[in-house]
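Undergrad: Residues per chain, in single letters:
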Amino acid sequence: MRLDKMFLKMFQIEPRVPVRMLVDTSASMSGSKFDYAMRLAASLCYVGLVRLDTIEVLPFDAELHEGKVCGGGRHRFTPLSRFLEGLKPGGTSNFLGVVRTFLNEYPQRGLVILISDFLDEAGCEKAIQYLADYGNELMLIQLWSDEDRTPPWTGELDFVDAETSARLHIHVDAEARRQYTEAFDRFAASIKTVAFRNDGKYVGLPTSMPLEEAIFGSLARVQSIA
Amino acid sequence: MEFLNLSLGQFLMLFGAVSAVSVALYLLDRTRRKQIVSTLRFWVAPGLPAPVSRRRRIQQPLSLLLQLMGMALLLLAIAEFQFGGTLNKRRDHVLVLDTSAWMAASLPGNRGNMTLMDAARANALGWLRAVPPTDRVLLVRADGLATPATSWETDRRKVARAILESQPGATALNLSQNLEFARELQRQSGAQSGEIVYVGPGRISSREANNVNLPEIPAFRVLTVDDAVENCGLRSVGARRSETDPGTWDVLVRVRNYGKLPRTVNVTLNYGKAPQGMHPIDLPPGAEKETTFTVRTRAAGILEARLYPRDAFAADNYAALELPQQHTLHVVVYSNQPETIRPALASDPRVNAEFHPTAQYTTPAAGTDELVILDRFHPLANPQGNALWIDPPASNPPVPIRQRLEHPEDLRWVPDQPLTEGLRARNIQIEATSVFEPAARDLRVAEVDQGPVMIARTADNGSRTVVMGFDPFSGAMRYELATPLLLANILRWVAPGIFRDLDVGTQSAGSVASPFPAQTDRNTVQVITDAGRNLPFNIRDRAVQFFAGEPARVRVIAGNSERVYSLTLPELGEVKWAPPANARHGIPAWTDAIRRSHILWPFLAALGAALLIAEWVIYGSYTTSRLRIVRHA
Chain V
6 MRLDKMFLKM
16 FQIEPRVPVR
26 MLVDTSASMS
36 GSKFDYAMRL
46 AASLCYVGLV
56 RLDTIEVLPF
66 DAELHEGKVC
76 GGGRHRFTPL
86 SRFLEGLKPG
96 GTSNFLGVVR
106 TFLNEYPQRG
116 LVILISDFLD
126 EAGCEKAIQY
136 LADYGNELML
146 IQLWSDEDRT
156 PPWTGELDFV
166 DAETSARLHI
176 HVDAEARRQY
186 TEAFDRFAAS
196 IKTVAFRNDG
206 KYVGLPTSMP
216 LEEAIFGSLA
226 RVQSIA
Chain Y
18 MEFLNLSLGQ
28 FLMLFGAVSA
38 VSVALYLLDR
48 TRRKQIVSTL
58 RFWVAPGLPA
68 PVSRRRRIQQ
78 PLSLLLQLMG
88 MALLLLAIAE
98 FQFGGTLNKR
108 RDHVLVLDTS
118 AWMAASLPGN
128 RGNMTLMDAA
138 RANALGWLRA
148 VPPTDRVLLV
158 RADGLATPAT
168 SWETDRRKVA
178 RAILESQPGA
188 TALNLSQNLE
198 FARELQRQSG
208 AQSGEIVYVG
218 PGRISSREAN
228 NVNLPEIPAF
238 RVLTVDDAVE
248 NCGLRSVGAR
258 RSETDPGTWD
268 VLVRVRNYGK
278 LPRTVNVTLN
288 YGKAPQGMHP
298 IDLPPGAEKE
308 TTFTVRTRAA
318 GILEARLYPR
328 DAFAADNYAA
338 LELPQQHTLH
348 VVVYSNQPET
358 IRPALASDPR
368 VNAEFHPTAQ
378 YTTPAAGTDE
388 LVILDRFHPL
398 ANPQGNALWI
408 DPPASNPPVP
418 IRQRLEHPED
428 LRWVPDQPLT
438 EGLRARNIQI
448 EATSVFEPAA
458 RDLRVAEVDQ
468 GPVMIARTAD
478 NGSRTVVMGF
488 DPFSGAMRYE
498 LATPLLLANI
508 LRWVAPGIFR
518 DLDVGTQSAG
528 SVASPFPAQT
538 DRNTVQVITD
548 AGRNLPFNIR
558 DRAVQFFAGE
568 PARVRVIAGN
578 SERVYSLTLP
588 ELGEVKWAPP
598 ANARHGIPAW
608 TDAIRRSHIL
618 WPFLAALGAA
628 LLIAEWVIYG
638 SYTTSRLRIV
648 RHA
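Sequences listed follow chains V and Y, in order.
Residue 53 in the numbering used here sits at position 48 of the first sequence, with consecutive numbering throughout.
Residue 278 in the numbering used here sits at position 261 of the second sequence, with consecutive numbering throughout.
Where hints are given, some of them may not hold.
[As the list claims (entries may be wrong)] Now the stretches of chain V that chain Y is said to cover, found in silico as 3 or more residues with beta-carbon under 8 Å:
{"hint": "1", "region": "40 to 52"}
{"hint": "2", "region": "82 to 89"}
{"hint": "3", "region": "116 to 126"}
{"hint": "4", "region": "173 to 182"}
[Claimed, not checked] Looking from chain Y toward chain V, a few residues come up when the C-beta cut is under 8 Å (computed):
{"hint": "5", "residue": "Phe-32"}
{"hint": "6", "residue": "Arg-50"}
{"hint": "7", "residue": "Lys-51"}
{"hint": "8", "residue": "Gln-52"}
{"hint": "9", "residue": "Ile-53"}
{"hint": "10", "residue": "Thr-56"}
{"hint": "11", "residue": "Leu-57"}
{"hint": "12", "residue": "Arg-58"}
{"hint": "13", "residue": "Phe-59"}
{"hint": "14", "residue": "His-296"}
{"hint": "15", "residue": "Ile-298"}
To be clear, the hints were calculated from the coordinates, so they are not data collected in a lab.
Since we're looking at a predicted model, the values are computed, not measured.
By construction, the Cβ of each residue, glycine as well, lies at the ideal position given by its N, Cα and C atoms.
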């Protein structure tokens, strides 16, 4: 011993929190929402790569599909980009089934970033609550297009559900559109409530918002990106 | 209610087609549209069944109604819809502007040297401004003739320019003819008849006033021009050679008072700047008097007549006519017994006779206009010009002699030729005569049973020869009336221009009736202007009637008479015409029957467009958010 004394060195190891990004690829995401979701996922992954974090991107619709792990610096962004480009929207949503699968395959708790429109006929609040109950930190990013919140159509319309192909014959007037928007806002508020109730974060993004404003504005405000 | 551009059938057909297309597009637009959405959950209230919309064919009837109304209004604008029925239909008006000679008179009071024509122009322009803009107007300049100055025009500037260019003419107003012409134009125009407007003082000739025959005019308007001015004027100036003194002209001047007050005027006559006299004349209102002058001259010159004092109408205060030179026929008589011929030649002042014995005969120079009389002898060389052979000898006669007759009893004149005009004597006793063997071109003047005893011929060079087989100045025939008539006919046939009765006169332009001498061949009548232009004429009631619409010098030649008319005086009407009781007066107001039509089509088009825009804003695909996006872009 060089100093004839005993030293006790104490180290605290900060465990790496696994970051998993669940990206909704169901048919309801078709159109501007899907493109926006892909671009947003890529942007968030790039930020993580720059910080030398490791992020696993997991697409899902009715099932949880095989994901892509990206890490090791920004030079590894290209494989992730190709992976995201290869995704296509389709299929129905089944949040509860997907969450069960996810919890079985990824028991280690971590940060779960969920990018989706959360439009599931069976509801998604219960599935999200499961994620939180298993110790996952939640970050919910809800996307909607302008037509999703404020439909522009009037008159005699035959609505077809993008996922289930269910039809609805309805005559749309200004009052119907107003009631629709109110129902949508209530739905978004319920998603937000679930997130906040579990100490999670929630961001609602319309696809008409520029992606830069979404990242450096809305997401930064909720401290999703430090 | 009417359409200017479309008929009712065309309008209904177009509206039906447009309405059908509009309804079809409406139904197509309002059909149920399929729309793929992310979810249906927000369209259905929680716990409630999905709404079932009962489909209706007409979802938005007010939208369809607005569309159809907008289309109908646009079509009405295209069709130029108008209220008021036939009152607003396009009309054709005829503006009859008086341009008679009287229009050159000064206005009453001589206001700023303005004439009646200026006042008529102002009235015509005022009426033109009041005419509805869609109506057509045709301008007729009215004097002795009706002359259209424009076609049917809606361009008011052209009509106004024609009005301003109208000037007084030289003839009197023939109102009946002008109004009949205007009415005929309206009938032939094809459009609805508008007004016939007469602008002027309405002064017509007494001949027309006695037989006014106006056509039936539904809308007749009179814009009167006040012409209450005093005027005395020359009616005519005529000159004729004195029958007793060939170097003297008898001049007749006729003057008329057109006014309402008696006046005393002075008529002065100048010939070649030399005064010939002045005659004062008292003229009661409407009276016409004449005075005579005598002018002694054989030379040509200008004869001027003036009327003093000057009055409101100066054009008829002066007249001038040109007196021609008096020509004479040079006659050279070769006779050994001149005393028998001398009285016959000396009786006519237009003959300059020269007597020589036959021994002194000399051949006259070729080309002279003189007449050579050879009394019972034959020269060595025949005369080349005009010649009268009296009983030529049998040896080498100018016309072959068939035989010699003593005391023929059946001498007769061949009628229907100038040389025997007025000769009707029968059983003329002559002592002896030669019977000629005439050529084919020779004219037979007198005959006996054995053949012609007097012939006439015209040579190729124009010289004329008369050969008499007997001596009319001897024996019993010298006492016959036929002898001087025969000689006069021969002289007139040889030199017609000299022996033509000449009247020279100046009078007003317009219709002229020249006396037609009895027993004159109608084929000899000529009416010629100084410019050599033949005027059309008509022979009726023993007069040669022709019309000169403008001042001119016209010669009327009929047989042996010639009249020269200097038509330089204006023709004035003597009678003030009274318009019919149903005639309108003054310039029409806006509320008159012929009122300005309201142009509705711009308002209809604007209203139709407004309805369509309103329908699109209310029911169409218009949204403010879309407009905002467009502006941002």
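Undergrad: Hey, does the Y/Ile-298 contact hint survive, CB to chain V under 8 Å?
TA: Because about 102 Å separates Y/Ile-298 from the closest Cβ in chain V, which is outside the 8 Å limit, the hint is violated.
Undergrad: Answer holds if the nearest beta-carbon of chain V is closer than 8 Å to that of Y/Arg-50; otherwise answer violated.
TA: Status holds, d = 6 Å.
Undergrad: Please check whether the region 173 to 182 of chain V has three or more residues whose CB lies within less than 8 Å of a CB on chain Y.
TA: Since 5 is at least three, the answer is holds.
Undergrad: Would you check whether Y/Phe-59 satisfies its interface hint, that is, whether its CB is within less than 8 Å of any CB in chain V?
TA: holds, 4 Å
Undergrad: How about Y/Gln-52: closest beta carbon in chain V under 8 Å, or not?
TA: Check passed: Cβ of Y/Gln-52 comes within 5 Å of chain V, closer than 8 Å.
Undergrad: Have a go at the Y/Arg-58 hint: is there a Cβ in chain V nearer than 8 Å to its own Cβ?
TA: Holds, about 7 Å.
Undergrad: Does the closest beta carbon of chain V sit nearer than 8 Å to the beta carbon of Y/Thr-56?
TA: Interface hint status for Y/Thr-56: holds (4 Å vs cutoff 8 Å).
Undergrad: Quick one, is the Y/His-296 hint okay against chain V at 8 Å, beta carbons?
TA: violated, 106 Å
Undergrad: Per the CB criterion, is Y/Phe-32 less than 8 Å away from chain V?
TA: violated, 27 Å
Undergrad: Report holds or violated for chain Y covering the region 40 to 52 of chain V, Cβ cut-off 8 Å, minimum 3 residues.
TA: violated (count 0)
Undergrad: Per the CB criterion, is Y/Ile-53 less than 8 Å away from chain V?
TA: holds, 5 Å
Undergrad: Taking 8 Å as the C-beta cutoff, is the stated coverage of the region 116 to 126 of chain V by chain Y satisfied by three or more residues?
TA: holds (count 3)
Comparing the model with each numbered hint stated earlier shows that hints 1, 2, 5, 14, 15 do not hold.
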